[in-house]
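*Asks:* Here is what each chain is made of, one letter per residue.
2 protein chains.
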Amino acid sequence: MDRRIQKTRYAIMNTFMEIMNEKIFEKITINEIAERANINRGTIYLHYIDKYDLLDKCIETYIAQLVQHCNEKHNGNESPTNTVLRGAFEHLQDNFDYYKVLLTNEGVPLFRNQLYKMISQILNKEVSNIKNTNDISTEVKIQFLTSAIVGVLEWWVVNLMPISIDEISKQLWSLIECNYVDFLPVHK
Amino acid sequence: MDRRIQKTRYAIMNTFMEIMNEKIFEKITINEIAERANINRGTIYLHYIDKYDLLDKCIETYIAQLVQHCNEKHNGNESPTNTVLRGAFEHLQDNFDYYKVLLTNEGVPLFRNQLYKMISQILNKEVSNIKNTNDISTEVKIQFLTSAIVGVLEWWVVNLMPISIDEISKQLWSLIECNYVDFLPVHK
DNA sequence: AATCAATTGTTGCTTATTGAACAATTGTCT
DNA sequence: AGACAATTGTTCAATAAGCAACAATTGATT
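Protein chains in written order, with our numbering: chain R, 1264 to 1451; chain B, 1264 to 1451.
Since the hints were made in silico from the structure, they are not lab data. Some clues are possibly wrong.
Just so you know, same-sequence chains aren't split out, so a pair can sit in one copy or run between any two.
Straight-line distance between alpha carbons at most 30 Å, and here's what the computed BS3-like set of lysine-lysine pairs gives [said to hold, decoys possible]:
no.: 1; residue 1: K1336; residue 2: K1286
no.: 2; residue 1: K1270; residue 2: K1290
no.: 3; residue 1: K1388; residue 2: K1320
no.: 4; residue 1: K1433; residue 2: K1380
no.: 5; residue 1: K1433; residue 2: K1290
no.: 6; residue 1: K1270; residue 2: K1388
no.: 7; residue 1: K1433; residue 2: K1286
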């Protein structure tokens, strides 16, 4: 992509998140973002319809980065789900400022929905190759697991990462694994 | 000035200084600067003839900022020279990373010359309104003072700002004042 | 001495951003 | 209610930055 687009969008989104840290979403103006980002006001409209669209795009972007980071951890590893989990927490930590804002300021439901969608997609993909062995429907299991995982991710960020990545990813992995070992694919 | 020009030049000069901190001037390539600054290589040539010109422009720019900062301190103050002096040290401290590089890496003579020129201009302006009272030529005095001041500024930066701004500016001011009180304008 | 990769300036064309202006809308204050 | 400043979204022409390609030069390696 054209470098100018990269830089402009980064500046806008970054400034927007910065301001989100200081005041509520409704009080933020396009004007303010443009000035702080040192970007022509009109330029913002070339990329985003309005500030609601900007919020949407921010969430989309960060979730996409989260997925990408996890995928990089995934490739060529024998125990994918475990390392993917670690990758997720790593990314949350590295971009803590963003996720903290998105999970406490406005837009929480939007963000949670995206997160939910993403996790459930991964789980669906992960279980697509194995058959259901007991009488609980896969659908229900996935809903159950997704909610549980999203809840833990959210808790960890909102509570300012109270325990280390090692601990949180190990513990969460244990919870997933021991209760649903029949459900997840077995590696090695 | 067009925002794009500001940002581009800032990115180039900033990256250039960063690299100057890591390797000697001769080993630095335009390519490297462009990549690290995330700027199209051709764009650098729109602003600078080559890396020597870039070094020149950097020095010019930082000196101009130094002068501007001092002037802001100057305006509407009763004892200009003293506050101007403080302003100079403040600016050196705020942009320590730049000046440290310019005074230790290549380009030292270039930078010192510019500094020299700037200080002597200020002194000339400062004494233009008063007449010479003794038998030492104004010319010689200005050369003497300029060298002394530049030397102290340079020493302070190269030795990593070993004493506080308060102390250094007070001490330097004393040296200037007590020896050349007949020479400098008397305020109030 | 010769080869090879990297760097250098430069070019033509495309595209993104800028600044300025505009009317319309919003929110605040009296 | 009316006045007012601030914000909004949009337009336009001008211009800076982008990309890709090029030949020429440099520098290191064999």
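*Asks:* For K1336 vs K1286, is the C-alpha pair at or below 30 Å within one copy, between two copies, both, or neither?
*Replies:* Classified as neither: same-chain Cα gap 35 Å, cross-chain 34 Å, threshold 30 Å.
*Asks:* Checking K1433 and K1286: alpha-carbon separation at most 30 Å within a copy, between copies, both or neither?
*Replies:* neither (36 Å within a copy, 43 Å between copies)
*Asks:* Can you tell me if K1270 and K1290 fall within 30 Å by alpha carbon in one copy, between copies, both or neither?
*Replies:* Intra 25 Å, inter 28 Å, cutoff 30 Å: intra and inter.
*Asks:* How would you label the pair K1433, K1290 (within, between, both, or neither) given a Cα cut-off of 30 Å?
*Replies:* Classified as neither; 40 Å inside a copy, 47 Å across copies.
*Asks:* Please sort K1433 with K1380 into within, between, both or neither, judging by C-alpha distance up to 30 Å.
*Replies:* Classified as within: same-chain Cα gap 23 Å, cross-chain 64 Å, threshold 30 Å.
*Asks:* Give the relationship of K1270 and K1388 under a CA distance limit of 30 Å: within one copy only, between copies only, both, or neither.
*Replies:* neither (34 Å within a copy, 44 Å between copies)
*Asks:* With 30 Å as the alpha-carbon cut-off, assign the pair K1388 and K1320 to within, between, both or neither.
*Replies:* within (25 Å within a copy, 56 Å between copies)
Against the hints set out earlier in the document, violations occur for numbers 1, 5, 6, 7.
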